[in-house]
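Chains as they are written, first to last, in this note's numbering: chain A, 2 to 80; chain B, 3 to 329.
Treat each hint with caution, since some may be false.
Below, a sample of chain B positions facing chain A; criterion: calculated Cβ distance under 7 Å [what the hints assert, rightly or not]:
id, residue
1, Ser145
2, Phe220
3, Arg256
Over the 12 Å line for every Cβ pair with chain A, so calculated as not near, a few chain B residues [said to hold, decoys possible]:
id, residue
4, Glu215
5, Ala260
6, Arg299
Hints were generated in silico from the structure; no laboratory data involved. We put the CB at the ideal spot given by N, CA and C, even for glycine.
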Amino acid sequence: MANEEITSGLASIVEEVAGVDAEEVSVEKSFVDDLDIDSLSMVEIAVQAEDKFGVKIPDDELANLKTVGDAVDYIVKNA
Amino acid sequence: MSKPSTLRQSSGPAATRVLGFGSTQGNRVVTNDDLTRYVETSDEWIQQRVGIVSRRLGEDDQTVVSMAVEAGSKAVADAGLSPADVDQVIIATCTMPGPIPNAAAQVADRIGITAPGAFDLNAACAGFCYALSTASDFIRAGSARRVLVIGAERFQEWLDWEDRANCIIFADGAGAAVVGPAETPAIGPAALGSAGDMVETIYLRENRYIYQEGQTVFRWATSEVAPVAARAVEQAGLSLSDVDALVAHQANLRIVEAVAKKLRQQGARDDLVVARDIVHSGNTSAASIPLAIDHMRSAGEINSGDVLLLVGFGAGLSYGGQVIICP
Numbered sequence: 002m003a004n005e006e007i008t009s010g011l012a013s014i015v016e017e018v019a020g021v022d023a024e025e026v027s028v029e030k031s032f033v034d035d036l037d038i039d040s041l042s043m044v045e046i047a048v049q050a051e052d053k054f055g056v057k058i059p060d061d062e063l064a065n066l067k068t069v070g071d072a073v074d075y076i077v078k079n080a
Numbered sequence: 003m004s005k006p007s008t009l010r011q012s013s014g015p016a017a018t019r020v021l022g023f024g025s026t027q028g029n030r031v032v033t034n035d036d037l038t039r040y041v042e043t044s045d046e047w048i049q050q051r052v053g054i055v056s057r058r059l060g061e062d063d064q065t066v067v068s069m070a071v072e073a074g075s076k077a078v079a080d081a082g083l084s085p086a087d088v089d090q091v092i093i094a095t096c097t098m099p100g101p102i103p104n105a106a107a108q109v110a111d112r113i114g115i116t117a118p119g120a121f122d123l124n125a126a127c128a129g130f131c132y133a134l135s136t137a138s139d140f141i142r143a144g145s146a147r148r149v150l151v152i153g154a155e156r157f158q159e160w161l162d163w164e165d166r167a168n169c170i171i172f173a174d175g176a177g178a179a180v181v182g183p184a185e186t187p188a189i190g191p192a193a194l195g196s197a198g199d200m201v202e203t204i205y206l207r208e209n210r211y212i213y214q215e216g217q218t219v220f221r222w223a224t225s226e227v228a229p230v231a232a233r234a235v236e237q238a239g240l241s242l243s244d245v246d247a248l249v250a251h252q253a254n255l256r257i258v259e260a261v262a263k264k265l266r267q268q269g270a271r272d273d274l275v276v277a278r279d280i281v282h283s284g285n286t287s288a289a290s291i292p293l294a295i296d297h298m299r300s301a302g303e304i305n306s307g308d309v310l311l312l313v314g315f316g317a318g319l320s321y322g323g324q325v326i327i328c329p
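One chain only, chain A, in its complex shape (with noise of 0.2 Å):
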C-alpha cells in the first residue's frame, strides 16, 4: 500500500474517532499539540488501523507514534 493510501486512510479513522476534520491530518502534524488527540483517542485509533492495514500497534509502539508521519512509517513497515 502507497504511503499515500495509508495517509488518507489514517486520516479518515482519525476524523471518524476524534472528530478531526480529515484535511487537517497531514504527516508533519503532532497528534497530541497539533490534532489536539488524547491518549484514549489515540488507542481507538491504533485499534482501528489494526483492522485497516492488518498491523499489530502494542501500547509502548503506540507512544512512540508523535506525528502522522511516524504512524504511516510504522504501519510501512509493519504491514
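Following the hints, complete the assembly by docking chain B onto the known chain A.
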C-alpha cells in the same frame, strides 16, 4: 442391602424472568470540582477521559451490607412479593471489608428472608451478569424458586486519593433484581468468558488500593466487549436490531460509547437507548448495571417489554452478558 444406584434429580420451570428491580446509592454527591480539593485534577479532564460529572459516595454507615439491604428490599417490593417468597440470595461484590463473613446471609436476615440459600459471588464488575445467570439457572434446575440478586459495592475504602487516574472513577451503590419463574423465557443464555492472562491490569495495589492500567483496559474493553454482547444476543435467538437498550457496565463513558458504536455498525438500531448512568453515579462495579436499569425505568427511558442487552466486564479479567426482557 444393596447400595442405591441413582439419586432423584430436581427440575424447575423452563423459563425465568426478572420480576422487579431496586437500587440505592451513597448519599453524598461528589462533583469533579469537589475532588480537586483532594487530588490534582479538573472537571474538564475527568469529563473528557471518563465522562463522569459527579459520583455518589456513601456515608460512614452506608456499607456494602446496608446498601444491599436497601436495594434488595426495594426489588422485592417492586416484584410485588414479600421477603418470605424469596428462597435464595446471591450478592455480587468485590468490596466487602474481608473475605468472611459473606454479605448474603446477613443481608437476607436483615431483609427478613428466613434461612435462604445465601452466598457472595466475585466476578468484579461483571458480577451482576454472572449472578443473574446463576439465579436463572438455579431456578430452571429446581434448586431455588425465587432468587434475590444484588450487586453492591462500597469502593471509597479502596481508593488512593493520590492516584489521580483511578480515584476519580469509582463510587458506592447497590442494585438488585428478583428472578423467578416465567411462562416464556425473559432471561437469555449467558455469554461468559475470561482473560486471565490480563490479571495484572486490574488489581488491589498493596492489597488495599484499586488500580488499573487505564490504557490497556480501555483498549481491551473497546475491542472485546462488543463481541461478547453480540454473542449474548445471538444466543437469545435475536438480532442486534431487536435490542431496545444497551446496559453495559458503567466503567467509562467512552468505553460505553465505543461499544454502542460497534454494535450499531453490526446492526443495532440508531435509536438504541444507551445507559449513561456513569455520568452522575460513577463506576459502581457490580452495582452499575442494575443501578442503571432502575434509574432508566424510573426516568421512563426504558419500559416493560423492552429488550435489554446487559454486558459486564472487569477485574480477572472476567466478562459476561445476557439479554433480558424489562419487567
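query = For glutamate 215 of chain B, which was marked as not at the interface, is the minimum beta-carbon distance to chain A over 12 Å?
reply = violated (9 Å)
inquiry  = For the restraint on arginine 256 of chain B, tell me whether the closest CB of chain A is nearer than 7 Å.
reply    = Hint holds; arginine 256 of chain B Cβ to chain A Cβ min 6 Å, cut 7 Å.
ask   = Is the nearest Cβ of chain A still more than 12 Å from the Cβ of alanine 260 of chain B?
value = violated (7 Å)
message = Please check whether serine 145 of chain B passes as an interface residue: C-beta within 7 Å of a C-beta belonging to chain A.
response = At 42 Å from the nearest chain A Cβ, serine 145 of chain B fails the 7 Å test, so the hint is violated.
query = Closest CB-CB distance from arginine 299 of chain B to chain A, is it above 12 Å?
reply = holds (31 Å)
ask   = Is the hint on phenylalanine 220 of chain B kept, meaning its closest Cβ partner in chain A is under 7 Å away?
value = holds (5 Å)
When held up to the earlier numbered hints, the structure conflicts with 1, 4, 5 and fits the remainder.
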